[in-house]
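Engineer: For what it's worth, numbering that gives the first Met the number 0 labels the leading residue of the sequence shown as 0, then goes sequentially.
These are calculated hints, taken from the structure and not from any lab test.
A virtual CB, placed ideally from N, CA and C, is assigned to each residue, including glycine.
Honestly, I wouldn't trust all of these hints.
[As the list claims (entries may be wrong)] Cβ pair distances, simulated, as ranges:
no. : residue 1 : residue 2 : range
1   : R386      : I163      : 44 to 54 Å
2   : D278      : R151      : 37 to 47 Å
3   : D387      : R211      : 36 to 46 Å
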Amino acid sequence: MPPSSSTPRSASASNLPSSSPASVVESSPQPARSAKVRPRVAIPSLLPWSRFMGSGWPGVWPEASGIGGAPVGRAAEFASTGRDGCGIMRAVERVDIKLSFSCNNRCRFCVQGDKRERFRDRTTEEAKRLLREARRRADSAVFTGGEPTVRRDFLDVVAYARSIGFTRIQLQTNGQMLAYPSFVRACVAAGVTEVSPALHGHVPELHDFLTRREGSFAATLRGIENCRAAGLPVITNSVICKPNRRHLAQLGRLLVERGATQVQFAFVHAVGTAGSNFDSIVPRKLLILDELYRALDVVREAGVRVMTEAVPLCFLRGREEVAAEWIMPEATIYDAEVTIEDYTAYRLTEGKLQGPPCRRCLLRRVCEGPWREYPERFGWDEFVPRRDARARAIAARRGRRRR
Numbered sequence: 000m001p002p003s004s005s006t007p008r009s010a011s012a013s014n015l016p017s018s019s020p021a022s023v024v025e026s027s028p029q030p031a032r033s034a035k036v037r038p039r040v041a042i043p044s045l046l047p048w049s050r051f052m053g054s055g056w057p058g059v060w061p062e063a064s065g066i067g068g069a070p071v072g073r074a075a076e077f078a079s080t081g082r083d084g085c086g087i088m089r090a091v092e093r094v095d096i097k098l099s100f101s102c103n104n105r106c107r108f109c110v111q112g113d114k115r116e117r118f119r120d121r122t123t124e125e126a127k128r129l130l131r132e133a134r135r136r137a138d139s140a141v142f143t144g145g146e147p148t149v150r151r152d153f154l155d156v157v158a159y160a161r162s163i164g165f166t167r168i169q170l171q172t173n174g175q176m177l178a179y180p181s182f183v184r185a186c187v188a189a190g191v192t193e194v195s196p197a198l199h200g201h202v203p204e205l206h207d208f209l210t211r212r213e214g215s216f217a218a219t220l221r222g223i224e225n226c227r228a229a230g231l232p233v234i235t236n237s238v239i240c241k242p243n244r245r246h247l248a249q250l251g252r253l254l255v256e257r258g259a260t261q262v263q264f265a266f267v268h269a270v271g272t273a274g275s276n277f278d279s280i281v282p283r284k285l286l287i288l289d290e291l292y293r294a295l296d297v298v299r300e301a302g303v304r305v306m307t308e309a310v311p312l313c314f315l316r317g318r319e320e321v322a323a324e325w326i327m328p329e330a331t332i333y334d335a336e337v338t339i340e341d342y343t344a345y346r347l348t349e350g351k352l353q354g355p356p357c358r359r360c361l362l363r364r365v366c367e368g369p370w371r372e373y374p375e376r377f378g379w380d381e382f383v384p385r386r387d388a389r390a391r392a393i394a395a396r397r398g399r400r401r402r
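Turn these sequences into a full structure, and let the hints guide you.
Structural biologist: Printed below as a string of structure tokens:
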């Protein structure tokens, strides 16, 4: 679908994050209404790419499987047996390399935000050394951060990855540098094969409030359009949080209009800056469901693949197939202080948690559960064990995932 030429209207009092007096319903902080958003794209101060400025100024690989049945599309090529001898759906093997923790946004929910002051960026040689090591185990690489594109050597690192045999290279980005058409063309020439930009609000006031960077909404939208014009798949990621939880369907519609190849809604992970801002950022899961379902329907009805991340299967009744965890690739993560050799095992044993309700759930062997910080704060009352026929069929077909 070609990108729409229409620009979303500014937020009104009715569509800004609102508060509720109910004790269970969170009180969402509102963006300052007096802030003026200039029509031009603001160029963040951290961007070093002055040579591109004359041109004029988002996860999971886009494959999936059929719910409760055999994998479909490219995902079928990678179905295999897990290490424990049980059936586990696998996509391509890949490595995720965090090139830096510098960023030209200051997102209120950034899981890496606390690392910005504690860890330096990798040098070019360090990045290349990791790529050589990683190439022995995978032919797919993801560059992430922080924000990879603020590095002056970013294109050189991408080109090096391509030169040593990486055939699939994804850029995870806030999308601001993609607003330069010449930078997008340079990314393609260097070897980037797909991009994953992040958009978290349907209007400038909301997105810029969440990123704490004026002009970031306009830049990211233009970046999405530039990538589609260059023929790059665009896999967007949107973090579900308190301020945007009532506007997910509008956000999904906007992303479809602008040509996203795949749309993902990821429940906020309450670590880093998100952990520091827990009360103002993390919503109750039950309160997001109606709007999340509307968003899933909007995107799916437009013929665009839609996924969720970190939304347990008890909250996806009848929509279980959208859980990205079904097809997340076996990945190694090169983080700042540690290398996570098996990210799937890490999620299952350290990152996520199952509680008392999960023990009675038919899907306990195939569901990862929530990020552990959520029930540690809110408890398990919202989690209802699945005992229905659909759950039984899914469990029978999918086999065992938890180790």
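Engineer: Now tell me, hint by hint, if it's right for this structure.
Structural biologist: Structure-based check of all given hints:
1. Look at R386 against I163: about 50 Å separates their beta carbons, and that is inside 44 to 54 Å.
2. Evaluation of the 37 to 47 Å hint for D278 and R151 yields a pass: the beta carbon distance comes to about 38 Å.
3. Take D387 and R211: their Cβ atoms lie about 43 Å apart, and the range 36 to 46 Å holds.
Hint violations for this structure: none, all hints satisfied.
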